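There are 2 protein chains.
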Amino acid sequence: MSITAPRGFRAAGVTAGLKTSGNPDLALVVNDGPAKAAAAVFTSNRVAAAPVHWSREVVKDGRADAVILNSGGANACTGPQGFQNTHSTAEKTAAALGVSATDVVVCSTGLIGEQLPMDKILAGIGAATAALSADGGSDAATAIMTTDSVSKQAVFTGADAAGKEFTIGGMAKGAGMLAPGLATMLVVLTTDADVQPEMLDVVLRDATRVTFDRADSDGCMSTNDTVVLLASAASGAVPSAVEFGRGLTQVCAELARKLIGDAEGASHDIAIRTFNAASERDAEVVSRAVARSNLFKTAIFGKDPNWGRVLSAVGTTDAVFEPDQLNVSMNGIQICRNGSIGDDRNLVDLEPREVLVEIDLQAGEAEATILTNDLTHDYVHENSAYSS
Amino acid sequence: MSITAPRGFRAAGVTAGLKTSGNPDLALVVNDGPAKAAAAVFTSNRVAAAPVHWSREVVKDGRADAVILNSGGANACTGPQGFQNTHSTAEKTAAALGVSATDVVVCSTGLIGEQLPMDKILAGIGAATAALSADGGSDAATAIMTTDSVSKQAVFTGADAAGKEFTIGGMAKGAGMLAPGLATMLVVLTTDADVQPEMLDVVLRDATRVTFDRADSDGCMSTNDTVVLLASAASGAVPSAVEFGRGLTQVCAELARKLIGDAEGASHDIAIRTFNAASERDAEVVSRAVARSNLFKTAIFGKDPNWGRVLSAVGTTDAVFEPDQLNVSMNGIQICRNGSIGDDRNLVDLEPREVLVEIDLQAGEAEATILTNDLTHDYVHENSAYSS
Numbered sequence: 015m016s017i018t019a020p021r022g023f024r025a026a027g028v029t030a031g032l033k034t035s036g037n038p039d040l041a042l043v044v045n046d047g048p049a050k051a052a053a054a055v056f057t058s059n060r061v062a063a064a065p066v067h068w069s070r071e072v073v074k075d076g077r078a079d080a081v082i083l084n085s086g087g088a089n090a091c092t093g094p095q096g097f098q099n100t101h102s103t104a105e106k107t108a109a110a111l112g113v114s115a116t117d118v119v120v121c122s123t124g125l126i127g128e129q130l131p132m133d134k135i136l137a138g139i140g141a142a143t144a145a146l147s148a149d150g151g152s153d154a155a156t157a158i159m160t161t162d163s164v165s166k167q168a169v170f171t172g173a174d175a176a177g178k179e180f181t182i183g184g185m186a187k188g189a190g191m192l193a194p195g196l197a198t199m200l201v202v203l204t205t206d207a208d209v210q211p212e213m214l215d216v217v218l219r220d221a222t223r224v225t226f227d228r229a230d231s232d233g234c235m236s237t238n239d240t241v242v243l244l245a246s247a248a249s250g251a252v253p254s255a256v257e258f259g260r261g262l263t264q265v266c267a268e269l270a271r272k273l274i275g276d277a278e279g280a281s282h283d284i285a286i287r288t289f290n291a292a293s294e295r296d297a298e299v300v301s302r303a304v305a306r307s308n309l310f311k312t313a314i315f316g317k318d319p320n321w322g323r324v325l326s327a328v329g330t331t332d333a334v335f336e337p338d339q340l341n342v343s344m345n346g347i348q349i350c351r352n353g354s355i356g357d358d359r360n361l362v363d364l365e366p367r368e369v370l371v372e373i374d375l376q377a378g379e380a381e382a383t384i385l386t387n388d389l390t391h392d393y394v395h396e397n398s399a400y401s402s
Numbered sequence: 015m016s017i018t019a020p021r022g023f024r025a026a027g028v029t030a031g032l033k034t035s036g037n038p039d040l041a042l043v044v045n046d047g048p049a050k051a052a053a054a055v056f057t058s059n060r061v062a063a064a065p066v067h068w069s070r071e072v073v074k075d076g077r078a079d080a081v082i083l084n085s086g087g088a089n090a091c092t093g094p095q096g097f098q099n100t101h102s103t104a105e106k107t108a109a110a111l112g113v114s115a116t117d118v119v120v121c122s123t124g125l126i127g128e129q130l131p132m133d134k135i136l137a138g139i140g141a142a143t144a145a146l147s148a149d150g151g152s153d154a155a156t157a158i159m160t161t162d163s164v165s166k167q168a169v170f171t172g173a174d175a176a177g178k179e180f181t182i183g184g185m186a187k188g189a190g191m192l193a194p195g196l197a198t199m200l201v202v203l204t205t206d207a208d209v210q211p212e213m214l215d216v217v218l219r220d221a222t223r224v225t226f227d228r229a230d231s232d233g234c235m236s237t238n239d240t241v242v243l244l245a246s247a248a249s250g251a252v253p254s255a256v257e258f259g260r261g262l263t264q265v266c267a268e269l270a271r272k273l274i275g276d277a278e279g280a281s282h283d284i285a286i287r288t289f290n291a292a293s294e295r296d297a298e299v300v301s302r303a304v305a306r307s308n309l310f311k312t313a314i315f316g317k318d319p320n321w322g323r324v325l326s327a328v329g330t331t332d333a334v335f336e337p338d339q340l341n342v343s344m345n346g347i348q349i350c351r352n353g354s355i356g357d358d359r360n361l362v363d364l365e366p367r368e369v370l371v372e373i374d375l376q377a378g379e380a381e382a383t384i385l386t387n388d389l390t391h392d393y394v395h396e397n398s399a400y401s402s
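The listed protein sequences derive, respectively, from chains E and P. Residue 15 is where the first sequence starts when you use our numbering, and the numbers rise one by one after that. Residue 15 is where the second sequence starts when you use our numbering, and the numbers rise one by one after that.
Hints are not guaranteed to be accurate.
In silico DSSO-like links for lysine-lysine, alpha-carbon gap of 27 angstroms or less [said to hold, decoys possible]:
1. E:317 <-> P:33
2. P:50 <-> P:74
3. E:134 <-> E:178
4. P:178 <-> P:50
5. E:33 <-> P:317
6. P:272 <-> P:33
Read the hints as simulated data drawn from the structure, not as lab findings. A quick note: this is a predicted structure, and the numbers were derived from the prediction, not measured.
The following block holds chain E by itself, in its conformation from the complex:
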């Protein structure tokens, strides 16, 4: 169900013919209201795709009626023609739904630097509109897949202070940033809670900061990343920011874990938790430095608890710590104590897919966890063997 689990939404996923595989490649999500509140966050990459430029403007007024998403082409680095194609996509969708084009969010994912086949997209929009259904969430989640091996969905149900239930649904695509051609992370979140745009925006930024922003599969930032949240108010529930934020963060965290868990070529899902840091920012910086060390990532692929590679990555940061007070554990074994040799590294079991690396900075009380993957033969293969 995912994005159609909340009341007030319809969705569809159809085959427009953009993918040579013949798999579904066009998804449409419509908010039937009564409210049309929306918020979104986008890639911070300065080389942003045409649909990112378009959609940033769409959500500025806190309203969106629909999201149209295509896989099979990123529409990035495509010049004025690319922007025109995004505009046409929004206009065609708006006409089919009887709404304004400036209330239609557009998302694209696939190869950078090629124009979209607009005849196929425009025809597909008609088919998607005809296929819209209150249980179309799974079809939409399937249509946005590129190299994903499974569709990714999540649902949360909560209640406001009056006991009135509300639901948050979400779908995501992308394999971290590991996907060939930077076929990037797209996320649509829906809710039937009655939440004003300002609060939607604040809560969405809070939730993504500690979930998607901390999923760092290969350190490569894409041109198309978009997370959009639509609220219909169809449940009548009016949750507090805290209650709504808790649910939203839970949905985002589940989708983030699913993205990392399906990262192409990966054989380990690695959580890097830095604790006893002077600040949350320090903890995040340290965890991310380790998550971006190719030497650390290849060691985990080789099931080698190489804590020297962890320390050498930690040492590149400006976080508060003393080198001779660093502790490192892997899957519960403290192999580095006070910056030097700790327990027997042979005690560390790296056979399981899940790996927990814990870095104790002994510098404060803050912590943060970054999710990443190992660097494998299959990663190299999938990102080199064909133009993508």
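Given the coordinates of chain E, assemble chain P onto it according to the supplied hints.
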């Protein structure tokens, strides 16, 4: 010849038994004067090895009589015992040479987090001292190799204003930072020019900034990197800073190219030149961002001229540029023009080992080039298949 090409130096390389392979693993370089001027640069990693801590102090007064280097163990993250072992190494070397321990630079390279077998090192120092010779440069260059497939040496000969000749020699080890166990970059440079320590320091920092600092094989900074320069004044030549700097930069650049050219697992040597930048710093930041993109590096391995991955890396930087004014060429073919589709990507020939990526920011007149490698199956294999 390399480091013994300049007059006033002797060197040796012997087998102390640190490597299980039985290959040479202990090198000694001695400056017989008449001057004993020295300068050095070290890793900026805050988790620095014991020999780095020691050697930083040694060169502070601008004098060093000898450099003792071992492969087969990094002596990093080894606590107080590790520092004591470095101290003992310097003292034993000093006693054998009749100099002060505080004038002996110590370098180590190999696996992090293990104590050195000091009995073997101390015995080896005696053997190395006995083997010292005015043509021992190549033996020393061989003894510092870890996973290097060839030893790396370079020589420059120049003249001062009076026409008096001087020579600069150099040896290096390490495969970028690609080496298993962070068996890191060590460089010893020698000269028979008469150069004061203050000028040595300035010229060495200038030379390394545009050579070794711009060789970025896999973005992983090590705990042991050391570049040390010894000047004997034995030639009597007194070159200007400009003339000496030119020669030193040439030697460092040649060694940097040899490091990148021997990077483990690499199948392409990639020069990323950013030009028309607002500042040299901008050009360096942009080139380095591309050099650190795993998606770009796997694409080059796959002989895929994927300029979208170049732009997505450029877009993560804060350099001055407009996204719709970026131009990118690969091996002479301009595949991206004004941020959009340029010439036919099929015209790009990525069969040769040498790859030149040129990024035109259209924002100024500065430029910088970073040398890197592609990301290959062999890189993953060599850094994961065995504990190192």
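Violations among the numbered hints: Of the numbered hints, just 3 does not hold.
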